Structure formats: structure tokens, C-alpha cells
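This is what each chain is made of:
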Amino acid sequence: GENVEQHPSTLSVQEGDSAVIKCTYSDSASNYFPWYKQELGKRPQLIIDIRSNVGEKKDQRIAVTLNKTAKHFSLHITETQPEDSAVYFCAARSYNTDKLIFGTGTRLQVFP
Amino acid sequence: ETGVTQSPTHLIKTRGQQVTLRCSSQSGHNTVSWYQQALGQGPQFIFQYYREEENGRGNFPPRFSGLQFPNYSSELNVNALELDDSALYLCASSPSVGDTEAFFGQGTRLTVV
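The listed protein sequences correspond, in order, to chains A and B.
Each step along the first sequence adds one to the number in our numbering, with nothing skipped, and position 16 is 16.
Each step along the second sequence adds one to the number in our numbering, with nothing skipped, and position 98 is 98.
Derived by calculation from the structure, the hints in this document are not laboratory data.
As the structure is a prediction and not an experimental result, all values here were calculated from the model.
Each hint should be verified, as a subset may be incorrect.
Quick list of the computed label-pair ranges, beta carbon to beta carbon [unchecked claim]: (1) A:Arg107 / B:Arg57: 26 to 34 Å; (2) A:Val54 / B:Arg51: 27 to 35 Å; (3) B:Ala38 / A:Ala29: 22 to 30 Å; (4) B:Phe69 / A:Arg61: 35 to 43 Å; (5) A:Glu79 / B:Arg57: 37 to 45 Å; (6) A:Thr69 / B:Gly56: 26 to 34 Å.
Footprint (simulated), chain B over chain A, 3 or more residues, beta carbon under 8 Å [unchecked claim]: (7) 68-74; (8) 97-104.
By construction, the Cβ of each residue, glycine as well, lies at the ideal position given by its N, Cα and C atoms.
Same shape as in the complex, but just chain A (with noise of 0.2 Å):
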């Protein structure tokens, strides 16, 4: 069935150092790719995006990646802050159905 792996499940760096987040999914007709943060509490609030016809894309401090014959699409965050901290879920939708299915999650924290 449709599964979105997500990998590490905690993510602890220095303030200043970059952070990684890698997910992988399984169904081929994937073709929208979201990044969430949540914070405690809180929304999961969209913090970037990727389509299948990209391959990467880059927001400020913010960039994904999308590697679509390995099915593995990634979230790097360069120059960390304190403020990154939180919990950050990859999801992935079909083009034939329109539901988000989302990893487990990754806690990172940034340590001042």
C-alpha cells in the first residue's frame, strides 16, 4: 500500500549547522511533496513544496530535493537556529487520489 518512510526519527545539531531529512515513498503516482513543521501544541504549518517536474527547489534557508526513479525526496535546512526546532513530517499525494499520506516524523532539535 502507500508508505512514506522518514528518516532520522530524532535530529540533534549545533546552531549553524545544516540538517537533513530524508523520506522515501512508495507509490509511483506521487507527484506533490510537502514539508510540515509542527511545533508543540501546534498546526502542522507548510514550510515548502516540490512537484514531480522539479527536481529541486530552494527557499532562503530551506531547500528539497526530489530524486524521482529512487522515490526518495529530502529537506536540508543550512545554518540552523534555535528556532528550527520543532517536529518536521514529509508527506506525499497521488495525482489519483487526493489524500496526503505522511511520514512518521522527525524531532530535531538546535542547540544554541
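Got chain A sorted already, so can you dock chain B onto it with the hints?
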């Protein structure tokens, strides 16, 4: 803020009871999806409504049901509550089916005791 509002924000129910959760979609959005997020897990798709019709359902039993109204607001109903139904329930609205991003509400935290 996304413009998607949910009510109530917190709710405590007893096992076996029924609950109704509400969601007002963002202005101009005709599609609402509901997700269940258990503690420490990613959101799981329950179902989606598009123009008042159910448009896809996840792996949830029939005691999870929903409605969408002409103004595109939506309700999630859960009958015969079980302890495992305790979770954060999120609704997300989109401009249309298959369209771009989904905008999440702040969620309803349901606790079943």
C-alpha cells in the same frame, strides 16, 4: 494564520459516547480533508469532502463519518468512542481537489477516558 478554524479546541469524552468536531474552511476553498494525529505520529487521512460529497476515505471504520455543508464547512462525527480515538484531529482545506497545498486548522484535541 491559515483561515481554517476548528471547534472545539479541546474535548474530553467517555468511552462509548459520540462526538462531533467542526471545521470552517478557508474562504474560497471547496475541499476539506480530515486527519487523525495520535501522539508522536504523523497525521493519518480519515476522509475528504469535495462539494458536499465524500471524495476518498482512509482506513478508518464506519463509525467515523462526516458531512460537508453548502458553505463548505465540515463536521467529523465519531460514534462509540474508544480509548484509541484519543488524538489531535486536524482538518485541512484546499482550493479544489488535486489542487496545491492544504491549509491546516489548529486541530481539536480529543481525549477519551
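So, going through the hints one by one against the coordinates:
Distance hint check: the CB atoms of Arg107 of chain A and Arg57 of chain B are about 30 Å apart, consistent with the given range 26 to 34 Å. Distance hint check: the CB atoms of Val54 of chain A and Arg51 of chain B are about 30 Å apart, consistent with the given range 27 to 35 Å. Roughly 26 Å separates the CB atoms of Ala38 of chain B and Ala29 of chain A, a value that falls within the hinted 22 to 30 Å. Taking 35 to 43 Å as the suggested C-beta distance range, the pair Phe69 of chain B and Arg61 of chain A conforms, at roughly 41 Å.
Look at Glu79 of chain A against Arg57 of chain B: about 42 Å separates their beta carbons, and that is inside 37 to 45 Å. The hinted range of 26 to 34 Å is satisfied by Thr69 of chain A and Gly56 of chain B, whose Cβ atoms lie roughly 28 Å apart. For a cut-off of 8 Å, the count of residues in the segment 68-74 of chain A with a CB near a CB of chain B stands at 0, and the three-residue condition is violated. Remark: the segment 97-104 of chain A is confirmed as covered by chain B, as 8 of its residues place a Cβ nearer than 8 Å to a Cβ of that chain, reaching the required three.
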